[in-house]
Every structure is written in structure tokens, then in C-alpha cells.
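Once you have looked at the hints, place chain B on chain Z.
Residue numbers (the working numbering), protein chains in the order written: chain Z, -14 to 328; chain B, -14 to 328.
Treat each hint with caution, since some may be false.
Intra- or inter-copy, both count: the list cannot distinguish identical chains.
Stated by the list, open to error - With a cut-off of at most 25 Å between alpha-carbon atoms, the simulated SDA-like pairs for lysine to any residue come out as follows: (1) LYS146 <-> GLN280; (2) LYS317 <-> GLY197; (3) LYS317 <-> GLN4; (4) LYS188 <-> GLY219; (5) LYS55 <-> GLY178; (6) LYS146 <-> PRO297; (7) LYS146 <-> GLN299; (8) LYS146 <-> ALA294; (9) LYS146 <-> PRO90; (10) LYS146 <-> GLY251; (11) LYS314 <-> HIS13; (12) LYS55 <-> PRO90; (13) LYS146 <-> ARG160; (14) LYS328 <-> GLU120; (15) LYS188 <-> SER(-1); (16) LYS146 <-> GLU120; (17) LYS146 <-> ARG281; (18) LYS328 <-> ALA124; (19) LYS146 <-> ASN63; (20) LYS146 <-> ARG295.
No wet-lab data here; the hints were simulated from the structure.
Computed from a predicted model, the values in this text were never measured in an experiment.
There are 2 protein chains.
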Amino acid sequence: MTGNADTDSMVTLSLAEAQSLSQRVLEHHGLSAADAAAVSRTIVAGQRDDCQSHGLYRLLVCAHTLRSGKVVTDAVPNITSPAPAVVRADARGGYAQPAFEAALPLFVDKARTHGLAAMALTDCVHFSALWPEVEAVVAHGLVVLCCTPSHAWVAPAGGTKPLFGTNPLAFGWPRPGDTPFVFDFATSGVARGEIELHRRAGKTLGEGWAIGSDGQPTTDAEAALAGAMLTFGGHKGSALSLMIELIAGPLIGDMTSAESMAFDDGAGASPRGGVLFLALDPAGFLGAAAAEHLQRAEQLFDAITGMGARLPSQRRYAARARTAVEGMKVPKGLYEDVLALLK
Amino acid sequence: MTGNADTDSMVTLSLAEAQSLSQRVLEHHGLSAADAAAVSRTIVAGQRDDCQSHGLYRLLVCAHTLRSGKVVTDAVPNITSPAPAVVRADARGGYAQPAFEAALPLFVDKARTHGLAAMALTDCVHFSALWPEVEAVVAHGLVVLCCTPSHAWVAPAGGTKPLFGTNPLAFGWPRPGDTPFVFDFATSGVARGEIELHRRAGKTLGEGWAIGSDGQPTTDAEAALAGAMLTFGGHKGSALSLMIELIAGPLIGDMTSAESMAFDDGAGASPRGGVLFLALDPAGFLGAAAAEHLQRAEQLFDAITGMGARLPSQRRYAARARTAVEGMKVPKGLYEDVLALLK
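With the rest of the complex left out, here is chain Z (with noise of 0.2 Å):
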């Protein structure tokens, strides 16, 4: 490691250097060097997006997890396709990179060959961040949809009770000449970590994001972290929540959010359960014409940034290229907790 602390007490990596960080890290708590591989990859993008949650930080969350027992360690992924048109990725109870991989080009072959597909990745340890593989997908310029439930601590509409997890929904397009449009929000109205940083600054948290153990609306995050977080857009993104808890769980034979959790037993180790992925093939739909209305919908992204508005993935592009040339800034008390991992 070359990291330089700069003035400001941050330490500058290169993505080689932060992979190969990563890496070791992984491996020195049990995970497969495999694994360790394809697991960093998603660290590492997540740190050079800027995505601080899902980046170097990660390993602190991926090393209590591994020692938590609750990954397989060298799983070897089960690649089989229960129809013409679906995918199922079974992770065997190991991280859902590895299986992801090696079901990918299946998948990006069933959606060009039927002109759409789907994607159950099931009994995976995940991160709930799904812009990464979305992105994987979109790049064989595949349309994507993808969710999935993590742990319960999000009540729905109405409720008094923690039920869904913060169950993100991401959606790829690819766009001629440019990088693809890609979302991936959390259902729940913040993130999880959200309300511990306010837990941890002493800080009242915003209206409408949280209720106590007693149902009734709270602002203060230790009463929320004991009772429910609450979704975005009330009763609309309970909704949402719900249908992605149905369908990236029981659909694909897989967990919900209260059995994940179930699951975790108190452990506090990333969610397991599965992933739903559907990939619809532009020319599977318009065969030679896909070209030219893939073009059309350039006017919808020029009708929004022409306005002064900003498309989702446009922030994430701009620390990308920006940490390519300056390479990426992690706070050095972070760096040090993850060099400790090491010992």
C-alpha cells in the first residue's frame, strides 16, 4: 500500500491498490481467493463511485460477517435453468459475486434468445448495492430490472412493526455512445446507516422516517434503531416494498426480510436471502428497429438534463472519472481500521 495522507487526513489509493487491499483483507478472514476476487470488485466500484457505504467501509461489515460464520466460504456456485427462459444462480450460501458471474453470461444469452430473461440468484450473502451487476448487465446492451429484500427493519404502511428491508430497486438502460442510465434506491425512506451516523452524532433524525417499538412517529434514533424505519413515498413505496419482498423472495424460493433476519439470529452479518434480476432485450422487441428508437429515448435524458435537473447515475460517473485520474480518497481513520483487519 502507497496510500499518501494528504493534509486533510485522507489517504489516496489507486483502484489496484484498493483490489489488492481488499483482497487481502478477505482472504485473511476464511473467503476463498476467488471470492475474495469478485467480492472486491464490487468494493472497490463502490469506492470509486464515491458510494462511501459501499466501499472500503464495506470490509469492516464483510470481516464481521465472515466471522460470524454466516458465509460459505468456498461455495461453489449451481448454475441450472428450471425454464427456457429463467436463470437460477444458486450461491450455495456464499457471497452473491462469485455466483453472479458465473451465471452472467447465461443469462445475457437467454434474454437475447427468448427477448427477455430472468435471473434468480438465491441463497446468497449480499449488499444490498445492486448498480454494480445492473451495470454488468446493461453493458450487453440489455434493458435490466433488479431487487431485493435484505433485513427487517422497515415497517410498512399503516404498520407498527419492522417487516421489509430497506429492499432496493435498481433499473439499467443502455444509452448509444454514453454510459447507461442506472438507478438503485433503497425503498426505505433513508438508508440504514443513515439513522446510526444520527444515532452516533446525537442528532434528531428527519420527520417520517422512523417509529418507536410503541407505533407511534419518532426523531429520536435510538427509539427508531429499537423500532421501525418507515419506506419512502408512504403508502405507494409500501407497496413497492412489499412486491419486491414477494418477488425476490418466495417467487425464487427465497428468504423474506423477517426470515433473514430470523436467520441472522442477532449476528449483525449482511443480509442472506436472494436476488431478482430481468433482462429484456431491445431488439427482441423491435427487432431491427431498436436502434432507432433507443435513440428516441435520448430526448427523454436531453429533456431532463436540459432543464438543469440531474439523471441518477450522473453523480456516480463524475466521482468515477474523477477518482480514475486522482485515485480514491478514503478517510484515514477508515484506512486504519481496515489495515487492522489485517493483523
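Chain B in isolation, oriented as in the chain Z frame:
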């Protein structure tokens, strides 16, 4: 018509009476008998489920739309399959319902054969009420996702001008031995009609519903109608709305909300464009284990209702059970307006 005015100026109609009234009105405005029957089934379903804006009121909208010349009144749908798991139901400028009904058997068959399927319902005039069609698909034991653009009335998050439609998203999940779980919501914060109702009543809009033509927040209904509505859920709702523009617009070779608005050219007719359906077969993902996992999903529904929270579809089913016994209550003024359409 044997409608009886009751004490509070409501007229009570049976389903058969409403179907017959709707049929007569639509045929009187030039729609073919077969198309009038299909459209009337949706209108009666709206009234039956106590969704007033998609009930008999909709006949006023249909009559206006038919008079505007924006509907092909004797369209013969063209059903094709551009890829093995994709159905294209080209309505050829007619109402959505006849093309949907004509293509449904092939769509169901493809979902069962391939594990999932897509149906692109294109070049249709539609109501943006998706739950009747979602229920028709879910009745075959399939999981359904459905969405459509409409007219450009809604600004993207951070934007200043209308670009998106009210862009509803609907979902259906089969429940063994019970009515299916179905939601259908606009990705706009409120329905377009809600703004209209506030304008007529001279009432102030809620905060966050709309912006004026200057791009600034407004609670004035006139200013909002000249400006733009906003999506639900801030930038997340806006991202969803854009996704719907893309996948039920250019992906299926059909109009965006802005293009539908341009086609309308001030006529004030119903939107013209496409609707995307995705159907996923639990048996395609799970084989013989499907029944067991569908049963497991029931724990989610039980947990929600056990907290005293409501499932999105419950109000509709309660209305349906009530109107089946008591008939449908229609405001006398509306009933007279509908009868006047026959003159």
C-alpha cells in the same frame, strides 16, 4: 334503465344495467359493438370497485375522446410474437381493451412455456387504469407487472417543466384460495383529476403536489395546471416514472408521454401509446415447490393485516362485494350527464 334515485340523490344500477348503458353510449359515439363491450367491462369494473374516476364518469371522457377523432373505432388488433417470450398486441389505434383481450391467451401460454413473458400492448388509446388487466393475468396464477406512460403533465425531480405522464405502475400476485394482491398507483403525487377537483372547488393544493410555469412550488390549482405536477416520493418516484416512460415507450416502439401529448394536440383526449406487461410463472421458477412458496408469501400478508395495516387491494374487493349485493350507487348528476350522451 331501472335506476332508482335514493334519498341522497344517488342512482342505483346493477352491473348488467351499467354494462348496457356503457355499451349504448360507446356505440352511439361510433365505437364498434365488440370494442364497446370490451371497454364497457373496464368502466363497469371501475364503478363496481368504487373507483369513481374510472367508473361511469369515464364515459364522458370516452365520448369526448371518440368525438375528437383520436380513436380508430373499428380497429382489428394485430397479434404477433417478435421473440419467443414476447407478445406484441398492436391495437392499431383502437382502445386498449380489445387488443388486450385478444392477446391474453397467447401471453399466458408464453409465460407458462418460458417461465416469464412480456406483452407489449401498442398503439392503443388507454385509460391508465391497469388493475382490471392485471387481475385478468393474475387469474391465471401468474405474477404480473404492468405500466404505461400517459400525457406529459409531470415534471422530473429538479426539473421545471412537464415531461412525464402520471405513469401508473401496477402489480399482481396470486394468493391461494383468496383474492389476489394487486396494487395500481400513479407515480405522480396525486391524480390529475385531484388537481382539477381542487380548481373547481377553489381549494388550495397540498404542499409538494405541483410547480407553476415558473418552475417554483405552488399550491394554486390554476398555476399547477399551467405548470406541472410532481411525482410521489421525490427523486425516487421521479426515477420510477422515467423508467416507465422508457420501458412502456421506446422499448416497445411506442410514444413517450410528451409524444402522446403532441399527438393529442390540445384535443384533451385520452392518452395514446403503449402498455408493457410482464408475467412471471411461479412454477417456472420453482417447479412443484411453487405452492409451498406461495403459501409462505401468505405470512407477509398476514403480518401486514395483523398489524392493522391495509393491503392496497382490500378497499376494492370490499366495494366489489358490496356492489354485487347492493348495486352500484352513482351520483344522479353524473347519471343524467351520461344519459345526455345518448341524445
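Now for the hints, and whether the structure bears them out:
1. Taking the shortest alpha-carbon separations for LYS146 and GLN280, only the inter-copy value of 22 Å comes in at or below 25 Å, while the best intra-copy value is 46 Å.
2. For a Cα distance limit of 25 Å, the shortest separation of LYS317 from GLY197 qualifies neither inside one copy, at 35 Å, nor across copies, at 47 Å.
3. Proximity of LYS317 to GLN4 under the C-alpha cut-off of 25 Å is restricted to the intra-copy arrangement: shortest distance 17 Å within a copy versus 71 Å between copies.
4. In this assembly of identical chains, the alpha carbons of LYS188 and GLY219 lie at most 25 Å apart whether taken from the same copy (24 Å) or from different copies (23 Å).
5. In the homo-oligomer, the alpha carbons of LYS55 and GLY178 lie at most 25 Å apart inside one protomer (21 Å), although the nearest pairing across protomers, at 51 Å, exceeds that limit.
6. Within a single copy, LYS146 and PRO297 get their C-alpha atoms only as close as 31 Å, which misses the 25 Å cut-off; across copies the closest is 18 Å, which meets it.
7. Taking the shortest Cα distances, LYS146 and GLN299 sit within 25 Å of each other only across copies (20 Å), while inside one copy they are farther apart (36 Å).
8. Proximity of LYS146 to ALA294 under the C-alpha cut-off of 25 Å is restricted to the inter-copy arrangement: shortest distance 10 Å between copies versus 36 Å within a copy.
9. In the homo-oligomer, the alpha carbons of LYS146 and PRO90 never lie at most 25 Å apart, since the shortest distance is 41 Å inside one protomer and 41 Å across protomers.
10. Taking CA atoms no more than 25 Å apart as the test, LYS146 paired with GLY251 passes inside one copy only; the shortest distance there is 17 Å, against 48 Å between copies.
11. In this assembly of identical chains, LYS314 and HIS13 lie within 25 Å of each other by CA distance solely inside one copy; the values are 24 Å within and 70 Å between copies.
12. Taking the shortest Cα distances, LYS55 and PRO90 never come within 25 Å of each other, neither inside one copy (28 Å) nor across copies (45 Å).
13. In this assembly of identical chains, the alpha carbons of LYS146 and ARG160 lie at most 25 Å apart only when taken from different copies (23 Å versus 41 Å within one copy).
14. When the C-alpha separation of LYS328 and GLU120 is checked against a cutoff of 25 Å, the pair qualifies neither within a copy, at 35 Å, nor between copies, at 58 Å.
15. In this assembly of identical chains, the alpha carbons of LYS188 and SER(-1) never lie at most 25 Å apart, being 34 Å within a copy and 58 Å across copies at closest.
16. In this assembly of identical chains, LYS146 and GLU120 lie within 25 Å of each other by CA distance neither inside one copy nor across copies; the values are 34 Å within and 29 Å between.
17. In this assembly of identical chains, LYS146 and ARG281 lie within 25 Å of each other by CA distance solely across copies; the values are 19 Å between and 45 Å within a copy.
18. Neither within a single protomer nor between protomers do LYS328 and ALA124 lie at most 25 Å apart by alpha-carbon distance, with minima of 39 Å and 58 Å respectively.
19. In this assembly of identical chains, LYS146 and ASN63 lie within 25 Å of each other by CA distance neither inside one copy nor across copies; the values are 36 Å within and 49 Å between.
20. For the homomeric pair LYS146 and ARG295, the shortest alpha-carbon distance between copies (14 Å) is at most 25 Å, but the shortest distance inside one copy (35 Å) is not.
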